[in-house]
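**Student:** My request is simple: use the sequences and hints to build the entire structure.
Going down the list, the protein sequences come from chains Z and H.
Just so you know, this note's numbering puts 72 at position 72 of the first sequence, and the rest follows in order with no gaps.
Just so you know, this note's numbering puts 224 at position 224 of the second sequence, and the rest follows in order with no gaps.
The set of hints was computed from the structure by calculation and includes no laboratory data.
One thing to keep in mind: the hints can contain errors.
It does not matter which identical chain is used: a pair holds within one copy or between any two.
[Claimed, not checked] Here are the computed lysine to any residue pairs in the SDA-like style, where the Cα-Cα straight-line distance is at most 20 Å:
{"hint": "1", "residue 1": "K110", "residue 2": "T126"}
{"hint": "2", "residue 1": "K262", "residue 2": "K312"}
{"hint": "3", "residue 1": "K110", "residue 2": "S79"}
{"hint": "4", "residue 1": "K312", "residue 2": "S103"}
Please read all numbers here as calculations on a predicted model, not as lab measurements.
There are 2 protein chains.
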Amino acid sequence: MHDDPTIEDIRAAATRIAPHIHRTPVATCASIDTIAGASLFFKCENLQKVGAFKARGATNAVFSLDDEAAARGVCTHSSGNHAAALARAAGLRGIPAFIVMPSSAPPVKKAAVAGYGAQITECEPTLEARESTLAEVQGRSGATFIHPYDDPRVIAGQGTAALELLEQEPKLDVVMPPVGGGGLASGTTITVSTLRPEIELWGAEPAEADDAYRSLRDNTLYPSVEPTTIADGLLTSLSERTFRILCGGLAGILTVDEQTIKYAMRLLWERAKILVEPSGAVPLAAVLANRDRFEGRRVGLILSGGNTNLDKLPW
Amino acid sequence: MHDDPTIEDIRAAATRIAPHIHRTPVATCASIDTIAGASLFFKCENLQKVGAFKARGATNAVFSLDDEAAARGVCTHSSGNHAAALARAAGLRGIPAFIVMPSSAPPVKKAAVAGYGAQITECEPTLEARESTLAEVQGRSGATFIHPYDDPRVIAGQGTAALELLEQEPKLDVVMPPVGGGGLASGTTITVSTLRPEIELWGAEPAEADDAYRSLRDNTLYPSVEPTTIADGLLTSLSERTFRILCGGLAGILTVDEQTIKYAMRLLWERAKILVEPSGAVPLAAVLANRDRFEGRRVGLILSGGNTNLDKLPW
Chain Z
1 MHDDPTIEDI
11 RAAATRIAPH
21 IHRTPVATCA
31 SIDTIAGASL
41 FFKCENLQKV
51 GAFKARGATN
61 AVFSLDDEAA
71 ARGVCTHSSG
81 NHAAALARAA
91 GLRGIPAFIV
101 MPSSAPPVKK
111 AAVAGYGAQI
121 TECEPTLEAR
131 ESTLAEVQGR
141 SGATFIHPYD
151 DPRVIAGQGT
161 AALELLEQEP
171 KLDVVMPPVG
181 GGGLASGTTI
191 TVSTLRPEIE
201 LWGAEPAEAD
211 DAYRSLRDNT
221 LYPSVEPTTI
231 ADGLLTSLSE
241 RTFRILCGGL
251 AGILTVDEQT
261 IKYAMRLLWE
271 RAKILVEPSG
281 AVPLAAVLAN
291 RDRFEGRRVG
301 LILSGGNTNL
311 DKLPW
Chain H
1 MHDDPTIEDI
11 RAAATRIAPH
21 IHRTPVATCA
31 SIDTIAGASL
41 FFKCENLQKV
51 GAFKARGATN
61 AVFSLDDEAA
71 ARGVCTHSSG
81 NHAAALARAA
91 GLRGIPAFIV
101 MPSSAPPVKK
111 AAVAGYGAQI
121 TECEPTLEAR
131 ESTLAEVQGR
141 SGATFIHPYD
151 DPRVIAGQGT
161 AALELLEQEP
171 KLDVVMPPVG
181 GGGLASGTTI
191 TVSTLRPEIE
201 LWGAEPAEAD
211 DAYRSLRDNT
221 LYPSVEPTTI
231 ADGLLTSLSE
241 RTFRILCGGL
251 AGILTVDEQT
261 IKYAMRLLWE
271 RAKILVEPSG
281 AVPLAAVLAN
291 RDRFEGRRVG
301 LILSGGNTNL
311 DKLPW
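**Tutor:** Put into structure tokens, the structure is as follows:
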């Protein structure tokens with residue numbers, strides 16, 4: 001037994017969060033299509049509130065709470081976009097947010113979280129430090145923990161991006177989200193495999209953080225160990241839940257090297273004027289690295305976010 | 001007597017170019033609105049074909065030619081976006097384009113022009129060298145010269161951006177384009193002052209290239225002398241035609257310093273994920289530098305383009 005979200009949960013999430021998030025546009029770019037040899041449809045979650053799809057899941061989680069739980073607030077550990085998204089959603093509902101952030105998080109992301117009125121507690125940049133600091137914060141406040149991805153409310157929220165994409169571009173052959181912890185990929189998998197089972201679903205992952213690729217290949221959940229990719233939104237490991245959901249719906253996971261991620265990111269900036277973070281460029285990198293597989297097809301790519309440190313670009 | 005375009009010419013241009021250009025979106029950004037103290041509507045010409053509004057005027061000019069003139073091709077001198085726009089439009093019509101470019105033009109802009117199949121002739125980066133080289137190219141080919149802004153067909157095309165903006169956001173109090181040679185500003189002036197004379201129209205110009213500001217102030221056409229701004233799309237002087245049109249419709253021109261242009265550009269990238277070139281950030285800079293004038297108002301800003309050299313950002 002499990003409480004994985006269904007398409008009904010995703011539809012309910014879409015209704016619940018609609019007043020608080022953007023219906024993001026789907027962009028196309030003739031010159032990138034020429035390079036890729038395919039028709040690409042970019043779901044621009046970089047233009048989402050807080051600059052990333054994470055606004056969807058966090059908002060759904062916060063507005064799903066009953067009043068009593070909500071009054072005690074919410075808490076999480078996150079290196080960035082989920083933290084900003086949860087802080088913003090809590091602010092919209094008028095409840096406190098307690099955020100545990102690694103001391104190594106980019107300044108622009110810390111500033112965004114603080115700007116939404118959340119209380120930040122810094123910790124060492126290790127999983128152990130995050131979890132112990134979070135336990136301490138949670139014990140003190142009684143706040144509800146909203147995990148960045150291992151939470152059915154969060155996954156249901158993330159699934160609304162694909163729901164919009166299928167409405168905006170009904171004639172897709174392929175849909176591809178990036179895979180980090182698997183929240184976006186799981187929500188996308190439930191939406192697409194339920195509504196449009198004929199669409200081919202691929203996940204895209206950095207080769208330098210290929211825990212999901214190896215886990216699906218061996219049908220064994222492996223943790224992400226010392227990943228080194230510039231796609232800093234994709235460092236985390238799958239959970240049992242997201243692993244289970246991805247196994248049930250993905251055709252597979254395509255891994256891409258760092259150079260191709262940087263090239264794809266630069267193409268999106270230079271040719272399409274789409275300002276994505278490195279993680280957001282990973283699906284395009286996977287298309288470019290697997291030209292034969294996607295040639296001539298209509299491919300929907302979910303661009304996860306656009307929060308970059310403009311003082312430290314990868315080129 | 002003059003042949004300045006009318007609103008009918010601009011409407012005809014809109015119909016003529018519609019199959020070949022994007023109807024660009026109008027973006028908003030809550031966090032920039034908070035900083036500006038106003039409601040800002042960004043007309044995203046950075047997402048236009050060739051990455052700039054110049055696609056409008058060049059396409060209108062090329063598709064206005066009769067078949068006999070068209071067969072001999074078109075030519076121009078341009079440091080960038082107009083060149084790419086003319087090259088692309090000529091390619092769409094299947095006629096030759098001859099482009100005179102200064103040897104100092106950014107590599108990304110040269111590559112774009114060459115990619116559209118135009119013949120490039122390089123020259124020294126002076127107005128004199130441009131004009132003599134162009135005369136030579138024109139004499140040899142018989143091509144029609146399409147000036148980057150001192151041309152009624154080009155101005156009519158540029159005026160279609162404001163035509164769309166007024167449809168997309170009917171409740172604006174203010175409209176503001178950047179001012180370089182005055183093609184975009186002239187087209188915007190004709191559209192807005194004819195259709196919505198109650199809207200306040202301001203031009204935005206770098207203080208380091210303030211020939212239009214001084215010209216309107218003194219009612220005397222001054223040339224732009226050794227401008228030094230990072231807004232490299234706004235280096236050119238007004239022509240008698242664009243000066244006359246701007247005098248007839250602008251409330252005035254607001255000048256902004258380089259630091260504010262850089263700050264505005266970075267805000268657009270970081271907060272709104274809108275990748276503009278420095279010239280495109282000049283209107284936002286003018287709003288930020290004149291907070292009292294625009295406070296609480298609904299301001300439409302035309303973001304001219306997004307073609308930047310990503311290896312050489314101003315921060």
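**Student:** All hints, please: hold or fail.
**Tutor:** Verification of the hints:
no., hint, result
1, K110 x T126, "within (17 Å within a copy, 47 Å between copies)"
2, K262 x K312, "both (13 Å within a copy, 17 Å between copies)"
3, K110 x S79, "within (9 Å within a copy, 40 Å between copies)"
4, K312 x S103, "within (18 Å within a copy, 30 Å between copies)"
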